[in-house]
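**Student:** In case you want the letters, here they are:
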Amino acid sequence: MKTDMKTLEVVAAKGRLLGLDMVYDCASGHLGGSFSAMDALTVLYFDVMNVDPQDPANPDRDRFVLSKGHCTPALYPILAQRGFFPQEDLKLFRSIDGHMSGHAEMNHVKGVDMSTGSLGQGISAAVGMALAGKMDKKDYRVYSILGDGEIEEGQVWEAFMAAAKYDLDNLCAVIDVNGLQIDGKTADVMPTEPLDKKMKAFGWNVIPVDGHDLAALSAAFEQAKTVSGKPTVLLAKTVKGKGVSFMENDAGWHGKAPNAEQYEKARAELVAALAEKEGK
Amino acid sequence: MAEKIATRAAYGKALVELADQEPDLVVLDADLSGSTMTKDFSKAHPDRFFNMGIAEGNMVGVAAGLAACGKKPFVNSFAMFSAGRAWEQVRNSVAYPGLNVKVIGSHGGLSVGEDGATHQCIEDLAIMRAIPNMTVLCPCDGNEMRAAVKALLAYDGPAYMRLGRLAVETVTDTLEGYEFQIGKGVLVREGTDVTVVAVGMNVQMALKAAEILEEEGISVRVIDMHTIKPLDEEIILAAARETGCIVTTEEGNVIGGLGSAVAEYLSTACPVPVIRHGVYDEFGRSGAAQKVLDAYAINAEGIAEKVREAIVIKNALSL
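In the order they appear, the protein sequences are chains G and B. For the first sequence, position 142 (counting from the first letter as 1) is numbered 142 according to the working numbering, and the numbering increases by one without interruption. Heads up, the working numbering is the position in the second sequence plus 1000, with the first residue counted as 1.
Keep in mind that the hints were calculated from the coordinates and are not lab data. Take the hints with a grain of salt, since some may be wrong.
Distance condition first, Cα-Cα at most 20 Å in a straight line; then the derived EDC-like pairs of lysine to aspartate or glutamate [unchecked claim]: (1) G:110 - G:55; (2) G:165 - B:1047; (3) G:134 - B:1047.
Sequences and hints are given; from them, build the entire structure.
**Tutor:** Here it is, written out as structure tokens:
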């Protein structure tokens, strides 16, 4: 499904607004990393991936694994807007009364292809899905978004090695390089750079991209489809908390819900951004 | 003389035998295919075998992804690494989403022998059993192993199965009406004074113990509890009621495994004396396998001793 840039911008802006409401309503959740990944998710579900909300288990569909599984305030609003479930369901996020679990959950949230949350594990499942596609000679592609803090997990590099070994050119990963993790700057907690050199050394095709430039993201995903014999990774340079001025580049907003005053301020900013995108 | 074969060898053969009728079966290993006995499958079906290198966590995750696409993956390593090192991946990527991955732990228990404590997994049954939604198996001989592999392929869900390193005597092939069913224990010897509930090659040890004890006038019932979870409560309840005391025996720590499972159940269902035989909360050590087992009294005499203790307690309570 191809979508025009203006619509993509509206979806991403609305996604941030919905994500903010989800986290505020249940007073918990992860906004920082969700807002940094929102644009890539928007492009994937509205421009790149072959998925059908009416047939979410179609064996030929493209797959997506949210390896940074805590970023459900980005994934769920995008799935809802794409039509996998009603937007009202988002009100049950993290609630005992529903199944909109805090971390991505495949058995109860329509459209989720893999349960994730424990960091470093989603990418392995994505490798398995890509491997199954190769075995069955299917054309579907597999996408996965990882955090740049998440890749400190050794399992991620085990998965990167395996993807290269099996020439998984049907796999495209995105590393959401927002430079922050719970305890502070990734460069201070555990440096992961230089990522381009590391990924190339691991046998991957590397595409650096501005993770908030929807057209650039779309072009990068298209470019990845043309590569054969190796998996592709998009190194998406992003801003944690993107879209809310006081959340941007502040590790403190990794997993914190805003208070009433902060919520009103954030909401005003996101409502204004949405109106601007809608051309109002 | 009865066939003697290691359950890991029977497992490897069963994978090859069942491959043609199970097109979705895929096998993953972590650089131990010669020991886990998946090598024959890798040669017969290279397109369905994936050597994931010494990276068990990723191997389990990849299997989860394969299962999510309809494959039936069996992941293989030593119990220490498939159940131990990759425990959290098994919990979060397999059991929680309920994916159809079979986690295989070969070389379970002390009988790893010479490699020593780092490779002697005595905790796998306990830690796998503690995960919700997990089925946990440990067949006792080659005949039972073949049936177990077949049953696992027919079962759609997460499961763990322990394989043994040593060649063991086949005992289930001569049992009348023997049928393998996940979650159903097998009565391998009738008896009235005490019941030994055994798992893995401790079943053969228990049968030998029963012979020793018979000469002492003690009638021992022996149950092969190849499925630790879900536990066959019916067969245990009947044993507790009919024989009045239970000895459990396993090649693993007495904390958390078969013994714990049986004691947990009977503590409310029918509180009779339950003596747990196994490794008493200490690490193993290097040595020839049989010598290590003997050093920890994981043998027929060790079981017989626990049975005598159980009889003493049972008699004291009935005074």
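**Student:** When you check the alpha-carbon spacing of residue 165 (chain G) and residue 1047 (chain B), does it fall within 20 Å?
**Tutor:** Holds, because 14 Å separates the two Cα atoms, which is no more than 20 Å.
**Student:** Is the straight-line distance between the alpha-carbon of residue 134 (chain G) and that of residue 1047 (chain B) 20 Å or less?
**Tutor:** Within the cut-off at roughly 10 Å; holds.
**Student:** Just to be careful, I want the Cα atoms of residue 110 (chain G) and residue 55 (chain G) compared with a cutoff of 20 Å; is the pair within it?
**Tutor:** holds, 10 Å
Of the hints listed earlier, there is not a single one the structure fails to meet.
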